[in-house]
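A.B. asks: Spelled out from the first residue to the last, the chains are:
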Amino acid sequence: MLDINKIRAQFPILNRKVNGKDLVYFDNGATTQKPQSVIDAEATYYANENSNVHRGVHFLSGLATDKFEETRNTVQAFIGAKHNHEIIFTKGTTDSINLVANGFRTLLNKGDEIIISEMEHHSNIVPWQMCCEISGATLKVIPLLDNGSLDMHEFDNLLSKNTKLVSVSHISNALGTVNDIETIIAKAHNFNAKVMIDGAQAASHVALDMQKLDADFYCFSAHKLFGPTGVGVLYGKEEILNVLPPYQGGGEMIKEVSFAKTTYACLPHKFEAGTPNISGVIAFKQAIDFITDLEIAEITKYEEELLKYATAEVLKIEGLKIYGTAAHKSGIISFNIEGLHPYDIGVIVDKMGVAIRTGHHCTQPIMDRFNIPGTARISLSVYNTKQEIDVCVKAIKKAKLMLS
Amino acid sequence: MSTIKEIQTEITEDFAIFDDWMQKYEYLIDLGKELSPIDEQYKTEDNLIKGCQSRVWLHAEYTKGKIIYTADSDAIMTRGIIAVLINVLSGQSPSEIANAKLDFINKIGLKEQLSPTRANGLVSMIKQMKIYALAFNN
Ligand SMILES: Cc1ncc(COP(=O)(O)O)c(C=O)c1O
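Chains as they are written, first to last, in my numbering: chain A, 1421 to 1824; chain B, 125 to 262.
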């Protein structure tokens, strides 16, 4: 059993007031709050350890490099990767996807196909559109069913020998659907297609094991996982990362540079050009340790309980409709109330200290699919409580009263 | 017809009677509900102002030296804001609109709500109203 009060005590921001009310932070899908250990690690780095990594022979450079690499090992263990050089540090999920899409376009030819899905975040759509535009490949889209899950039957129809890559999210940020990525990966591999999984909404909520999962690429952002902004992870299988051309050129990523020919460094440095976000990467270790200490299975269990409670409570509000009702869901509730605009709901509950997201959540195709301008979205994290859900529901009811 | 400055003073006084945000929001919602509807034929893609979250349609007509604005939004709070803006600017001359300093926004204590964020499209709406004024001024 998790001690939620003890967990909450580690997050200083949860003590603050917003508009004179206790903050109820339900916008965890956008970014999570940070525990004191992460905040301290950033400060300690600059106060005591600051130095560039992988370069100097002096003491501090060695220290910073060790700590930086320690995070890589921690991520490796956290996601069950085979090698630590399969962990590439990026700026975030968006950056990770762009890295792969950019490299992949050189491996594609006219007639090749990439499959994504209708539920993707814009960052898992636009890079592939750009990739297709340049390579001449075609983009195919797995449609959504009414309950917000993927039409797996249609996925079967889309797969062919032309399919070179499938890129789908693990968990939908706008609907909460947990996709059956094991099946998607297995089916794509039957056609020798590679699979990239956008794990932005999954990594802090469900256990990951890359070797078991067998995804070719998996990516997520540190900031949605209690870590700093500007740090992300790209996991890729060694043999694929070795054939993927580098993304950016610069320092760190080379073996030898001459004007006649430059050779690239080996993994992971080939994909880490320039000075990285050193303080962020070092602090990110604390975020993963925070999760590991709690045990991810316990987090999943607690969040499922919160989701069940929150779903039942919001459904008591008359005229409220939830978008995303798949059987397997993560702690995200996207909803609209009949006759009301989500924006109006959002600004009123904010006045009562409740932070929810409103809008299209960077998933316009989903909004088009359901023919709505947007939704209001509650997204939960391990430090949230049932009492907070009660406050939120009350605030939504009040908003409804004011707006009707 | 009062000047833009006079109307802004009036609005500031109207809002000053309320002592909490809820009353102010309720007033804004009421203004939104009372906003005279825009003629359906003007709810076109061309007249759409791309705010981030709520959609706003703005139409302007120039008659007898004055600009008459009509507008609508799918969000009621945004309609309330529109109602206030129309109250201030509609029926004025192009040059007055183009040169208007809208200082009531800070004074009525709805700064977050009325502040030019991308979310409510207010900044784009004011800009569009002024663009019409400049166009009709020539
Ligand atoms: C499913 C999904 N993919 C990608 C992203 C983009 O992540 P980032 O902005 O950290 O690059 C997000 C963030 O909202 C997301 O929820």
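Wrong hints could be hidden among the right ones.
Unchecked claim - If the Cβ cut is set under 7 Å, some of the chain A residues that face chain B in the computed set are:
#	residue
1	G1759
2	H1761
3	Y1763
4	D1764
5	K1771
6	L1821
7	M1822
8	L1823
Quick caveat, the hints were computed from the structure, so don't treat them as lab data.
By construction, the Cβ of each residue, glycine as well, lies at the ideal position given by its N, Cα and C atoms.
A.B. asks: A separate judgement is required for each hint: does it hold in the structure or not?
C.D. replies: Tested hints:
no., hint, result
1, G1759, "violated (10 Å)"
2, H1761, "holds (4 Å)"
3, Y1763, "holds (4 Å)"
4, D1764, "holds (5 Å)"
5, K1771, "holds (5 Å)"
6, L1821, "violated (10 Å)"
7, M1822, "holds (6 Å)"
8, L1823, "holds (6 Å)"
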